[in-house]
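Starting from the structure of chain W, add chain Y where the hints point.
The listed protein sequences derive, respectively, from chains W and Y.
Residue numbers 0 to 127, in numbering that gives the first Met the number 0, belong to the letters of the first sequence in order.
Residue numbers 0 to 73, in numbering that gives the first Met the number 0, belong to the letters of the second sequence in order.
No wet-lab data here; the hints were simulated from the structure.
Worth double-checking, as some hints may not be accurate.
[As the list claims (entries may be wrong)] Anything over 10 Å on all C-beta distances counts as not near chain W; from chain Y, calculated:
(1) Met0
(2) Thr5
(3) Ala22
(4) Ser61
[As the list claims (entries may be wrong)] Only pairs whose alpha carbons sit at most 27 Å apart, straight line, appear in this in silico BS3-like list of lysine-lysine:
(5) W:Lys59 - Y:Lys39
(6) Y:Lys28 - W:Lys125
(7) Y:Lys51 - Y:Lys2
We treat Cβ as the ideally placed atom computed from N, Cα and C, and that holds for glycine.
Next come the chains, spelled out residue by residue.
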Amino acid sequence: MAYLISTEQLTNDSFTKLLISTAIQLVVLNIVVHSIVAIFNNKDEVEQQSDERDVWISLKGSKAAYGLLSTWVVIILVQLTMMSIPGAYYYFDALSAEFNILNMLLAGFLLAEAFRFSTQLYHYHKGL
Amino acid sequence: MAKVLTNNVRTLRFHHQEMTQQALAQAVKVSRQTIVAIEKGKYSPSLEVAFKIADVFNVSISEVFQYQEALTHE
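In isolation and in its complexed conformation, chain W is listed as follows:
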């Protein structure tokens, strides 16, 4: 989400502050979205605990997300190796190598979470 604001703000000094503010924004967004869903949802179904189908679909989502995250980490590791090659570039010139890697890892976590929810939605719709 830091990228969406402005890449000029991405410096080593401001990265920590941006990271914390982004994390807080995500938590607030989560609370708001869950509150809205809870308000519009059927109370009986909200109070129900997850059953075997919910657990199964959750496992499917986690498995898919884990595969994506593992692949992402391997790609970053390969990129790290390629950094020793002359002419190789960083993702953001304003940041040092460590913060570039940190940014990419965080992007991978976010992508994996999005993929987990998408997989769950797909299985809820299409079935197992």
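Showing chain Y alone in chain W's frame:
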């Protein structure tokens, strides 16, 4: 030809005083959406849930679930 799992849950519900999906779900301790998915053939329940459903309708499990060749529509 490939075999698929089919069920008569909807029919059995109808013949049991038109039991609702919610009532069956509560009896079997799953969510109503799970019963919907079972009836549509989108989810195959665990053995335990399958036996519980048969128990609710007082029939054998083979009268509820069948493993048969897929019907082709010509």
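Satisfaction of hint between Lys39 of chain Y and Lys59 of chain W, Cα-Cα up to 27 Å:
holds, 20 Å
Could you let me know if the closest chain W CB is still more than 10 Å away from the CB of Met0 of chain Y?
Correct as stated: the minimum Cβ-Cβ distance to chain W is 21 Å, above 10 Å.
Per the stated criterion, does the least C-beta distance between Ser61 of chain Y and chain W lie above 10 Å, as a non-interface residue requires?
holds, 21 Å
Hint consistency between Lys51 of chain Y and Lys2 of chain Y [alpha-carbon to alpha-carbon, up to 27 Å]:
holds, 24 Å
Is it correct that the beta-carbon of Ala22 of chain Y has no partner in chain W closer than or equal to 10 Å?
Its Cβ never comes within 10 Å of chain W, the nearest being 13 Å, so this holds.
Taking 27 Å as the top limit, are the C-alpha atoms of Lys28 of chain Y and Lys125 of chain W close enough?
holds, 22 Å
Beyond 10 Å from chain W, beta-carbon-wise, is Thr5 of chain Y?
It holds; Thr5 of chain Y is separated from chain W by about 14 Å at its closest Cβ, greater than 10 Å.
The structure meets every hint from the earlier list without exception.
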